[in-house]
Amino acid sequence: MRVFWILLKKEVRAFFISPVAYIVLALVMVLGGFSFRAALAILESGPSEGSIVTWTFNALWFWLSYFFVFPLLTMRLFAEEKKLGTLETLFTAPVRTWQVVGAKYGAALVMYAVVWLPTLGNFWLLDWITGGAVEIPRGALQGSYLILLAMGLFHLAMGCLASSLTSNQIVAAVLSFTLSILHFLIGVFILTIGRKVPEPFVDLVHYIASVDHIRLFTQGVIDSRPLVYYATLAAFFLVLTHQVVEFRRWRP
Amino acid sequence: MIDALDLSKQYAGRVAIDRLNFQVDRGEIVGFLGPNGAGKSTTMRILSGFMPPTSGRAMVAGYDVFRESLAVRRRVGYMPEMAPLYQDMRVKEYLHFRAELKGLRGRDMRIRTGEVMELCSITDVRRRLIGNLSKGYKQRVALADALVHRPDLLILDEPTNGLDPTQIRQVRELLRSLRQDHTILLSTHILHEVELTCDRVILLHQGKICAQDTPRNLTRQLRATSAVRVELKGAEGEAQKDLQALTGVRKVIPRSRREEGWETYVLRVESQSDVRESIMDLALRKGWKIRELHRQLPTLEDVFVEITAGDGVPAQKG
Ligand SMILES: Nc1ncnc2c1ncn2[C@@H]1O[C@H](COP(=O)(O)OP(=O)(O)O)[C@@H](O)[C@H]1O
Ligand SMILES: [Mg+2]
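Protein chains in written order, with the working numbering: chain P, 1 to 252; chain U, 1 to 318.
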């Protein structure tokens with residue numbers, strides 16, 4: 001466990017000294033501002049069924065930032081070490097593979113949390129300026145950040161895998177971007193046909209469609225199934241990553 | 001310290017090393033010598049616990065490199081080829097990270113990293129970014145990292161690769177100074193290197209050990225050729241034929257003339273025979289003038305060419 005913390009500390013530090021973290025932070029803040037503005041515009045235009053929280057996380061701007069965050073946060077993790085050849089120094093120190101994978105994933109997760117936190121400030125600011133005139137439902141806010149975290153668990157694990165497969169960061173980024181988009185599109189597709197073909201597909205919709213998850217959670221409807229779904233997938237991709245990194249130790 | 005038994009490794013079916021057997025005793029400095037692609041790095045990666053052998057086994061400090069990899073890694077200081085390092089860390093920060101990773105803590109960790117920085121003469125760059133350092137400094141940072149946890153065994157893959165002559169001398173002196181406390185296995189494709197540093201040489205070629213002995217013995221065992229260099233005048237083109245006719249001469253190789261009238265030849269001769277006297281006699285008889293007559297002792301280079309060319313009987317010694 002000590003080794004894990006040492007590695008985690010190093011990885012988090014590596015994030016803060018690389019420009020990528022700040023680019024992501026800026027990107028999320030700017031796009032977060034845009035989606036917040038869009039949500040306000042909707043509320044201003046007349047009575048609507050959703051709250052400010054719901055509209056913020058269902059804005060187009062939100063989805064834009066959503067897809068860029070994961071590749072940018074994970075592409076460096078393994079690809080850079082492969083390129084530099086430092087995997088060799090890393091794995092000739094007394095470390096276990098799961099400690100390395102866990103630390104890199106953990107650091108990405110920490111950064112993920114860090115880049116989303118400032119968007120909370122928007123709501124806080126609105127509340128402060130308007131003196132509580134705009135309703136900001138607690139449950140919806142909690143639900144939003146909860147599902148954001150769950151989705152992060154999954155997509156970051158997928159990004160880790162992508163990074164472990166190549167020594168080229170750009171390739172890693174493109175791969176993880178593609179995988180994320182694909183997952184999203186499958187979700188949209190199932191959502192569309194799920195509406196037409198009722199019974200057997202209803203469950204699938206609840207499982208796969210990210211759009212639907214966001215819609216429900218940002219209304220404060222907290223469902224355990226998507227959480228389990230993302231956590232399971234995250235675990236699956238982490239195990240895969242572990243295996244890929246361990247590959248050199250397989251006996252052919 | 002090291003005990004390799006039938007150690008083999010294949011990459012996707014391609015044989016990189018083939019049934020290597022060798023031992024390294026505590027306190028020895030042993031050199032792996034071989035051309036690029038001989039399997040030096042592969043062997044060292046296995047010994048340092050980075051990857052397992054395809055078959056066979058190796059014990060390092062009494063632990064199996066595959067099954068007790070972590071125990072092995074705690075006792076081995078490994079420096080990979082090309083000294084890979086994190087470019088965006090500072091020297092001291094990097095060494096602290098590595099020392100902690102290898103189990104050092106607190107005060108001991110700080111004192112020890114200070115020691116190895118002093119030892120490798122990198123104290124003056126401790127606050128610099130590794131990415132901005134020269135090759136020689138990077139190499140020494142990697143060496144400091146290999147040393148930091150006081151390992152019993154140092155495995156250094158081409159430690160002087162890419163350094164200039166002054167830096168090479170510094171590294172060599174450093175290695176000599178380390179021999180009291182560490183067993184050292186180093187690899188190189190430069191023959192001079194092992195002649196100067198090592199107690200014993202393991203000659204690797206195409207994944208096989210083709211000789212292992214002290215550098216001196218290896219040179220002495222040389223079945224073939226030493227060479228004699230002669231520079232003469234007044235032979236009028238007859239010299240090559242006449243020299244060739246001497247007993248013990250295998251081959252006469254003419255060299256380009258440096259000065260009008262003077263001809264230079266290198267004679268490959270049977271080992272143990274010294275043809276210098278007969279050359280002198282010949283010259284007196286023919287009335288040649290000689291201004292250089294010099295026997296070149298065989299170097300490891302010759303051993304190497306000889307053995308790897310396949311026409312020498314490989315000297316297989318324990
Ligand atoms: N990762 C690898 N994948 C495939 N083949 C490799 C790999 N590493 C080395 N080889 C091959 O194994 C042989 C031995 O390589 P290596 O151990 O690096 O030799 P050396 O260090 O003596 O130059 C070479 O033929 C090389 O091409
Ligand atoms: Mg090599």
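Be aware that a few hints might be false.
Using 27 Å as the maximum straight-line C-alpha spacing, the simulated DSS-like pairs for lysine-lysine come out as follows [claimed, not checked]:
| no. | chain 1 | residue 1 | chain 2 | residue 2 |
| --- | --- | --- | --- | --- |
| 1 | U | K208 | U | K251 |
| 2 | U | K251 | P | K82 |
| 3 | U | K241 | U | K286 |
| 4 | P | K82 | P | K9 |
| 5 | U | K135 | P | K83 |
| 6 | P | K9 | U | K241 |
| 7 | U | K233 | P | K82 |
| 8 | P | K83 | U | K241 |
| 9 | U | K92 | U | K135 |
| 10 | U | K286 | U | K251 |
| 11 | U | K241 | U | K251 |
| 12 | U | K208 | U | K233 |
| 13 | U | K208 | U | K286 |
| 14 | U | K289 | U | K233 |
| 15 | P | K9 | P | K83 |
It is worth saying that the hints were derived from the structure and are not from the lab.
Nothing here was measured: the structure is a model prediction, and the numbers come from that model.
Each hint, compared with the structure:
Our distance criterion of 27 Å between C-alpha atoms is broken by K208/U and K251/U, whose separation comes to about 31 Å. A threshold of 27 Å between alpha carbons decides the hint, and for K251/U with K82/P the separation of about 51 Å lies outside it, so the pair is violated. The straight-line distance between the Cα atoms of K241/U and K286/U is roughly 13 Å, inside the 27 Å bound, and the hint therefore holds. This hinted pair checks out: K82/P and K9/P have alpha carbons roughly 20 Å apart, not beyond 27 Å.
With a C-alpha separation of about 18 Å, the suggested pair K135/U and K83/P falls inside the 27 Å cut-off, and the hint holds. In summary, the hint linking K9/P to K241/U is not supported, as the alpha carbons are separated by about 76 Å, beyond the 27 Å threshold. With a C-alpha separation of about 61 Å, the suggested pair K233/U and K82/P falls outside the 27 Å cut-off, and the hint is violated. Distance hint between K83/P and K241/U is unfulfilled; the C-alpha atoms sit about 58 Å from each other, more than 27 Å.
A distance of roughly 17 Å separates the Cα atoms of K92/U and K135/U; the hinted pair therefore holds under the 27 Å criterion. Proximity of K286/U to K251/U is assessed by CA-CA distance (about 20 Å); at most 27 Å being required, the pair is judged to hold. With a CA separation close to 10 Å, the supplied pair K241/U and K251/U stays within the 27 Å bound. Taken as a hint, the K208/U and K233/U pair is broken in the structure, with Cα atoms around 47 Å apart against an allowance of 27 Å.
With a CA separation close to 50 Å, the supplied pair K208/U and K286/U exceeds the 27 Å bound. Of the supplied pair hints, the one linking K289/U and K233/U holds, its CA atoms being roughly 5 Å apart against a limit of 27 Å. At roughly 22 Å between alpha-carbon atoms, K9/P and K83/P fall within 27 Å of each other, so this suggested pair holds.
Figure legend: structure checked against the earlier numbered hints; hints not met, in rising order: 1, 2, 6, 7, 8, 12 and 13.
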